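From just these sequences and the hints, can you work out the full model?
4 protein chains.
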Amino acid sequence: MIAVIKQGVPETQIDNLVNWLETQSVSVHRSQGVYNTVLGLVGDTTHVDIELLQNLEIVETVTRISEPFKSANRKFHPKDTVVDVSGVKVGGGHFAMIAGPCSVESREQIIEIAKQVKQSGATLLRGGAFKPRTSPYDFQGLAADGLELLKEAKKETGMPIVTEIMNANHLPLFEDVDLIQVGARNMQNFELLKELGRIRKPILLKRGLANTMKEWLMSAEYIMAGGNEQIILCERGIRTYETYTRNTLDLSAVPMLHELTHLPVMVDPSHASGINWMVKPMAMAAAAAGADGLMIEVHNDPKHALCDGAQSLTPEQFDDVAKRVKHIREAI
Amino acid sequence: MIAVIKQGVPETQIDNLVNWLETQSVSVHRSQGVYNTVLGLVGDTTHVDIELLQNLEIVETVTRISEPFKSANRKFHPKDTVVDVSGVKVGGGHFAMIAGPCSVESREQIIEIAKQVKQSGATLLRGGAFKPRTSPYDFQGLAADGLELLKEAKKETGMPIVTEIMNANHLPLFEDVDLIQVGARNMQNFELLKELGRIRKPILLKRGLANTMKEWLMSAEYIMAGGNEQIILCERGIRTYETYTRNTLDLSAVPMLHELTHLPVMVDPSHASGINWMVKPMAMAAAAAGADGLMIEVHNDPKHALCDGAQSLTPEQFDDVAKRVKHIREAI
Amino acid sequence: MIAVIKQGVPETQIDNLVNWLETQSVSVHRSQGVYNTVLGLVGDTTHVDIELLQNLEIVETVTRISEPFKSANRKFHPKDTVVDVSGVKVGGGHFAMIAGPCSVESREQIIEIAKQVKQSGATLLRGGAFKPRTSPYDFQGLAADGLELLKEAKKETGMPIVTEIMNANHLPLFEDVDLIQVGARNMQNFELLKELGRIRKPILLKRGLANTMKEWLMSAEYIMAGGNEQIILCERGIRTYETYTRNTLDLSAVPMLHELTHLPVMVDPSHASGINWMVKPMAMAAAAAGADGLMIEVHNDPKHALCDGAQSLTPEQFDDVAKRVKHIREAI
Amino acid sequence: MIAVIKQGVPETQIDNLVNWLETQSVSVHRSQGVYNTVLGLVGDTTHVDIELLQNLEIVETVTRISEPFKSANRKFHPKDTVVDVSGVKVGGGHFAMIAGPCSVESREQIIEIAKQVKQSGATLLRGGAFKPRTSPYDFQGLAADGLELLKEAKKETGMPIVTEIMNANHLPLFEDVDLIQVGARNMQNFELLKELGRIRKPILLKRGLANTMKEWLMSAEYIMAGGNEQIILCERGIRTYETYTRNTLDLSAVPMLHELTHLPVMVDPSHASGINWMVKPMAMAAAAAGADGLMIEVHNDPKHALCDGAQSLTPEQFDDVAKRVKHIREAI
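Protein chains in written order, with the working numbering: chain C, -11 to 320; chain G, -11 to 320; chain D, -11 to 320; chain E, -11 to 320.
Keep in mind that the hints were calculated from the coordinates and are not lab data. One should not assume that every hint holds.
What the hints assert, rightly or not - Cut-off 25 Å, straight-line C-alpha distance, at most; resulting in silico cross-link-like pairs (DSS-like, lysine-lysine):
| # | chain 1 | residue 1 | chain 2 | residue 2 |
| --- | --- | --- | --- | --- |
| 1 | D | Lys143 | C | Lys311 |
| 2 | G | Lys(-6) | D | Lys67 |
| 3 | G | Lys311 | G | Lys106 |
| 4 | C | Lys314 | D | Lys311 |
| 5 | C | Lys67 | E | Lys103 |
| 6 | C | Lys63 | E | Lys(-6) |
| 7 | E | Lys182 | D | Lys182 |
| 8 | D | Lys103 | D | Lys139 |
| 9 | D | Lys314 | C | Lys311 |
| 10 | G | Lys311 | E | Lys314 |
| 11 | D | Lys202 | G | Lys202 |
| 12 | C | Lys(-6) | E | Lys189 |
| 13 | D | Lys(-6) | G | Lys58 |
| 14 | E | Lys314 | C | Lys(-6) |
| 15 | D | Lys202 | G | Lys(-6) |
| 16 | D | Lys103 | C | Lys314 |
| 17 | D | Lys189 | D | Lys67 |
| 18 | C | Lys202 | E | Lys311 |
| 19 | E | Lys103 | E | Lys311 |
| 20 | G | Lys63 | G | Lys202 |
| 21 | G | Lys314 | E | Lys311 |
| 22 | D | Lys(-6) | G | Lys202 |
| 23 | E | Lys63 | C | Lys(-6) |
As the list claims (entries may be wrong) - A few chain D positions that, by computed beta-carbon distances, are all more than 10 Å from chain C:
| # | residue |
| --- | --- |
| 24 | His35 |
| 25 | Glu230 |
| 26 | Asp307 |
In this text, all values refer to a predicted model and were calculated from it rather than measured experimentally. Cβ coordinates follow ideal geometry from the N, Cα and C atoms, glycine included.
Pasting the structure below:
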């Protein structure tokens, strides 16, 4: 971290600042220019509050050279993290295919879909039980009952299950869930993140609707700071002014995150566009960009799905997508 | 709600759709054009899931004519809601001035600031005890201890207190808090909103960093759906690509929300820009735009504040801002 | 186009509106609901000014069902347009690879790079002569001299050339340019677009920094309205709040535009991220998404390039990217 | 400007960089830290291409301490610029009120409106003759005929006139125009800006739809670099994801620009929201924020205006707004 001191600041004030910084376990190297004094902060600067520093009247500007995240940082952990989801590996060359309906609706539905996507190569089964909806009047999911049905599908097919948590108080219900998803709207629900840091289960952390990659990694850092380092990041589109697509899938996040962090990076092409026929090309593009896996909505009756039907694939369409993605992965 | 059916859809499919819609307590008026069939949905359409409808294969487009929010909608409640915060009225012509430090730091600090801002005309005292921070390594507030100090300042000065909640499990600690704040990052923490709908205390609901006014009102609707109708909305700046200011204060939200809803609308000019000297002009502009109140950060020692010091005013600066705002309010 | 009339509007006013609309070569089908009157506009509605219509006091809402673009619309021209750039076909299955330096710097530089990229499979040579720069003090390109050097490289290698125009008055200088590029900042320079509609040379139209696909297609429509239908669209990243990448490459634009328009869609992965090592994965992802071509910056000495060096590839890196893209294209 | 060199870079490479920088009329102060070498660039750094510098392989990061704009920079010209528009002063305490129709439609229309707005206190008359429209099929203005009608209204009322230019080739037609407007979509039409730098007429430079204040000031700098320093900036709303308002008026730009530049800053509340009844509160807010003037659309028959009718005020409404703004200005 480099802090440039304003011109004309008295020596004693700079000394005070240096002393204060050194109490925070960094050492400070001072270099005097003709116009400005520049302080170089050396050591573990993740604990230095950059906003606070910038706010000081005597400071002109502060530049972070190292990233504010540490546990998630590839610089300190060069080797790819491989997350183990009840036997299914994700990351470090292991490609995961999560598939299933937006919402769990019935026993028949979830088991039928589970069987079909498994046959097409899906390795993990998704299904929403607790659904975050913008309107309090929209369908909110089957809740605990939905979780039960998911577990039945798991028993029936042997596929590990993935589902979203919205409230840390629900954690006891998630005992048999293999991969716990944090949705976009909860990416900065820091209280939830802290609780998930205390458990020892893999977390699928979706990117917030309007969050930067740095904020996303800081949210991963919240979980990791608690000791839970089994995190998979999942890009699902960000908000822009474009209206033809629901969100703008940011595939450049895949190579950029692979540079910044050792955590696996998946892509959800279904939610990003919100459009059925865009899932295939975007799934292929995600694979080509180097994603460690895909999360795709599949429904056996998309026209009557209780939510997000328009973006769901039929099992036949999913089968085609899975094949194409395989070809792409062989080509790269 | 107007739904346009695609060309060439067989009558029986349209009949099925109409029947299904009529089970949802709306009546459907059907009009046959040369090219398209248009369905007009009449009645309470807040419970019709517009995404679901749009997703149906036979539907070309759906246009909501009435808003998806109902309890918060001015059309159904033309009279301004006046929120009563332990005797301090907000809305319907009653202007509130919330002031205080970003974080509660010590007994002396909070009581000293409380006395000073009260003298300058502040009607409510703010102070953060639980602080949402992007980094797990940054100062997270004094938590329960901070709440205790706030309550002491309330006892000492008689000012009702405002502070942020981040976790519904903390509600018992908020017994003596007069106005509970939901921060930007929790605006779509639906589980928290539902819990706040069950209590009978006024809520200050801040706008999310990248949320539309419709989503904001839907979040208010979540609280109101639970029976708690004492809500104050607070604009605090949205995320844009501008970098000179931290966020872009959207003052057009003030007149627009006054049109859409009967709830009071306040403005926080401190967080929006993140810059001390911008608070005054933006506070004046907010008052001129018709805001029902302001929320301003004041610190007796901004240079050493533990967070957000650069945007805090000194008590003297706050006194000046309060006077200017008063002049503006007299002029409108 | 569907226009919903407000409740309680007198018949005569609706009659007036219908008459006025019918003077604009659309026929109007009127259907009377219990609450609202709905007007269905049938025929060529591209000439109906939707903003004007929405502004009328008696109109509740207007929904466009057909797109406002016509010449660019796939509905009216289902077959892919194949643009012929002096013998190099683009679109309809023909994949174009444009490569070359950001700026033409010298005779040696441009000829050397041209030879190298040709060997690696590039089909068109790019090189900036007129450079749009945010600052008036930055290098603005070699102008007419740069164009001359480009032409020499064309003579030497036989590759058709692509370069950006910033001023319609420069058109005489572009006589020997094979594909004229309109940069992001001029996407809505309507006066320039009109002039380009009058010539008969292929145009490479880049997406504006913060423009929607609809606006982009309307800009293509400006050129096509003048009679020039040889247009290639080029996605180059849009502005978001993300800061790790310079812009956010919107690859979902590729399949979406293929649905909306018959024009070829290329992708520029160099400008989008601004980072050398992101070009390869994003080029592969663009190919997987179905792009009709790529535009890639190559420099034989990226470290000393006069502009945008950090995003340029070396000829060796370009050779690798070209090979990978070929593999991806074979896989899809 | 502070450039931090990467760790482990050999001395000779740093020497080369220092030598190269010193050829660009800056002096370089070098300070050696434990980990990094920091170069402080002193002198006029506006000509240093920061992108180029950042792109060098040996450079870790570059931070601009001084702004990249110079002529527009308040640091070098602390006194407010007062622009003289044919006798009407703008800036430095002089408040301008520009009013008139979106488009000039007829002799009667423009003269009638001119008389009415003059009576209400407008000091400058606006009216569009060349209209930038997203669609080539929408009304594009009366062009040269519109300019003639504007001039007649000027003769009749004595009010200086303001109108938009879209093409530098039209400049001869603008001989009698008193203030030439550059619209949002041409803010980065650098060729047009350069031409406007060569004339000696005041320019009203609107902010681009998605441009930062820094880019906006760099565009002013383009004009000033040519020797034309009579520039008025005009905020007109930026693009966000909000949909209730057409654009988001960024009033924080007013105090921020007053800090950054000596140029006057006006606000256009009509285009920002696109809604008639929002003009009044936003005009008042702009005045309270310290704007140097307002630009307001007025039409004597808004319902039949050829463009943007919904955002125009009637002359009576304008009279009311002008009075309110006067009260606000007296209060601040």
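Status of the hints after comparison with the structure:
1. D:Lys143 / C:Lys311: Status violated; Cα separation ~45 Å.
2. G:Lys(-6) / D:Lys67: holds (23 Å)
3. G:Lys311 / G:Lys106: holds (13 Å)
4. C:Lys314 / D:Lys311: The hint holds at about 19 Å.
5. C:Lys67 / E:Lys103: violated (75 Å)
6. C:Lys63 / E:Lys(-6): holds (15 Å)
7. E:Lys182 / D:Lys182: Holds - the C-alpha atoms of lysine 182 of chain D and lysine 182 of chain E are around 21 Å apart, at most 25 Å.
8. D:Lys103 / D:Lys139: holds (14 Å)
9. D:Lys314 / C:Lys311: holds (19 Å)
10. G:Lys311 / E:Lys314: holds (19 Å)
11. D:Lys202 / G:Lys202: Roughly 23 Å between the alpha carbons, so the hint for lysine 202 of chain D and lysine 202 of chain G holds.
12. C:Lys(-6) / E:Lys189: violated (39 Å)
13. D:Lys(-6) / G:Lys58: Holds - the C-alpha atoms of lysine 58 of chain G and lysine -6 of chain D are around 20 Å apart, at most 25 Å.
14. E:Lys314 / C:Lys(-6): Cα-Cα ~40 Å, so violated.
15. D:Lys202 / G:Lys(-6): Distance of about 22 Å is within 25 Å: holds.
16. D:Lys103 / C:Lys314: violated (36 Å)
17. D:Lys189 / D:Lys67: The hint holds at about 20 Å.
18. C:Lys202 / E:Lys311: violated (48 Å)
19. E:Lys103 / E:Lys311: Given pair lysine 103 of chain E, lysine 311 of chain E holds - Cα atoms ~17 Å apart, limit 25 Å.
20. G:Lys63 / G:Lys202: This hinted pair holds, its Cα atoms lying about 15 Å apart.
21. G:Lys314 / E:Lys311: Holds. Lysine 314 of chain G to lysine 311 of chain E sits at ~19 Å (cutoff 25 Å).
22. D:Lys(-6) / G:Lys202: Holds, at about 22 Å.
23. E:Lys63 / C:Lys(-6): holds (15 Å)
24. His35: holds (22 Å)
25. Glu230: violated (5 Å)
26. Asp307: Holds, since 17 Å exceeds 10 Å.
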